[in-house]
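Go ahead and model the full structure; you've got the sequences and the hints to work with.
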Amino acid sequence: MERESISVTVNGRTYERAVEPRRLLSDFLRDDLRLTGTHVGCEHGVCGSCTVMMDGVTARSCLTFAVMADGAEIETIEGLGSADAMHPVQQAFWEKHGLQCGFCTPGMLMTAVELLKRNPDPSVDDIRDAISGNLCRCTGYQTIVDSIRHAAKLMREDGA
Amino acid sequence: MKPPRFRYLRAGSVDGAVQALADNPDARILAGGQSLIAMMNLRLVRPACLIDINRVPDLGYIREEGDGVAIGALARHNEVKHSELVRARCPLLTEAYESIAHHTVRNRGTLGGNLCHADPSSETPAVMIAVGATLVLQSVGGTRAVGAEDFFLGTYETAARQDEMLVEIRLPGRGADGWAFAEISNRHGDFAIAVIATTLSLENGRCAAARVVASGVGEHAARLVPAEQALVGGPVDETRLDAAAAAAAGAVDPHSDSHADAAYRRDAVAALTRRTVRRAAERCG
Chain A
16 MERESISVTV
26 NGRTYERAVE
36 PRRLLSDFLR
46 DDLRLTGTHV
56 GCEHGVCGSC
66 TVMMDGVTAR
76 SCLTFAVMAD
86 GAEIETIEGL
96 GSADAMHPVQ
106 QAFWEKHGLQ
116 CGFCTPGMLM
126 TAVELLKRNP
136 DPSVDDIRDA
146 ISGNLCRCTG
156 YQTIVDSIRH
166 AAKLMREDGA
Chain B
12 MKPPRFRYLR
22 AGSVDGAVQA
32 LADNPDARIL
42 AGGQSLIAMM
52 NLRLVRPACL
62 IDINRVPDLG
72 YIREEGDGVA
82 IGALARHNEV
92 KHSELVRARC
102 PLLTEAYESI
112 AHHTVRNRGT
122 LGGNLCHADP
132 SSETPAVMIA
142 VGATLVLQSV
152 GGTRAVGAED
162 FFLGTYETAA
172 RQDEMLVEIR
182 LPGRGADGWA
192 FAEISNRHGD
202 FAIAVIATTL
212 SLENGRCAAA
222 RVVASGVGEH
232 AARLVPAEQA
242 LVGGPVDETR
252 LDAAAAAAAG
262 AVDPHSDSHA
272 DAAYRRDAVA
282 ALTRRTVRRA
292 AERCG
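Respectively, the protein sequence lines represent chains A and B.
Quick note: the first sequence uses our numbering, first residue 16, plus one each step.
Quick note: the second sequence uses our numbering, first residue 12, plus one each step.
No lab work stands behind these hints: they were computed from the structure.
If you're wondering where the values come from, they're calculated on a predicted model, not measured in any experiment.
Hints may contain errors.
Said to hold, decoys possible - Using C-beta positions, here's what the derived DEER-type ranges look like:
1) A:Q157 - B:N197: 56 to 64 angstroms
2) B:D272 - A:V72: 17 to 25 angstroms
3) B:S269 - A:V72: 28 to 36 angstroms
4) A:V72 - B:D248: 42 to 50 angstroms
5) B:Q30 - A:D99: 53 to 61 angstroms
6) B:D272 - A:D70: 53 to 61 angstroms
7) A:D136 - B:R290: 51 to 59 angstroms
To be verified - Stretches of chain B that chain A covers, calculated by requiring three or more beta carbons in the stretch to come under 8 angstroms of a beta carbon on chain A:
8) 93-100
9) 122-135
10) 139-149
11) 213-223
12) 251-260
Cβ atoms here follow ideal geometry from the backbone N, Cα and C, with glycine treated the same way.
Here it is, written out as structure tokens:
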């Protein structure tokens, strides 16, 4: 079985691995690097749970082969913040009850971070459009939208 | 599920990619992968070899070409969606992008890959046919240009031979034409139940030329010629809108699935034809 040597930087740390070409980036992160914060839901690009940052923009890690990420900078939920030092988006989801079971949350957070980078003061419609590719099966969209609006406020105050 | 095994080749240039296609008759091009990898994960397709073109330099351009726009094979959806040049010269495509996929998918997916995938419910083929785009295909034998109308042959089937790669999309200049795009889907950004893309020209208040193109209601995107004929030669008034809508509905033979039955799709085609033709005529101003 042929393997390709790749070098991928994840949350600032560079990993060298040999992978099968068919290895999905989502499985590479979870199974090879043991970074299980990135979740795999549908595995065909519909649910958004596996969303990560690739070279500064969001990507579906289940629709990316690990070999395509050779040389790329990946950010996952593990790199966003910690329990002691949460990212403002995490803080906002915590305060506004932006999750129930938490399965969709890593993807929602990465998507929200990208949205707030390009639009620091999004309207409710902007937020709904941005998370339209992320499914929450607990039907918690209302509090997710509230959380992202709150996060925008926290980040604007932070930056002020 | 997990994708089946395949051989992986990384192209460093367009010449390298088409040479690899010639050398590997079982190979396919891998661009953004937003449709191909999903279908591989579902094991609906099993290419034995993928040629990754994501590292080919200078293939993601969007640039002026005469009155029109030339778009390289690696231009990502979001780049095309937000291109001011595309908005100025092919606003129908910009309008269609309001209904195409989600932000994250558009970050990676390419317009060229989307066209080559030829999904029967995809929006972009309808736009390409409506504006009269040209697709440039390259193989080791050279390049050839294929009109969008002749490119889509069936479900997931195009005029590109196995050894050919789509290298450029050419959009013609807009001129004074009117245009409009409308879609019905279950959720924003989802696969379309029905799509109509319309372009038309008025001369002295009369419709001089029209293209009414449907997607999602047949094997592939296609012009609804009877609807176009119902429009040309007279003013775009209620009588002609009625005639065009009825002709459009009669020109399609849609399928039924869990999202919508054939009768609903037929009604949708009539409604979207009326909506887009009216809008396009207003925009002719």
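Now for the hints, and whether the structure bears them out:
1. A:Q157 - B:N197: 56 to 64 angstroms: Violated, at about 20 angstroms.
2. B:D272 - A:V72: 17 to 25 angstroms: Given about 39 angstroms between the Cβ atoms, the range is violated.
3. B:S269 - A:V72: 28 to 36 angstroms: holds (33 angstroms)
4. A:V72 - B:D248: 42 to 50 angstroms: holds (47 angstroms)
5. B:Q30 - A:D99: 53 to 61 angstroms: holds (54 angstroms)
6. B:D272 - A:D70: 53 to 61 angstroms: violated (43 angstroms)
7. A:D136 - B:R290: 51 to 59 angstroms: The hinted range 51 to 59 angstroms is violated for D136 of chain A and R290 of chain B, with Cβ atoms some 31 angstroms apart.
8. 93-100: violated (count 0)
9. 122-135: This one is violated; 0 residues, fewer than the three required, reach chain A with a Cβ under 8 angstroms.
10. 139-149: It is violated, with 0 qualifying residues against the three required.
11. 213-223: It is violated, with 0 qualifying residues against the three required.
12. 251-260: Violated, because only 0 residues of the region 251-260 of chain B bring their Cβ atoms closer than 8 angstroms to Cβ atoms of chain A.
Hint check: violations occur at hints 1, 2, 6, 7, 8, 9, 10, 11, 12; the rest are consistent with the structure.
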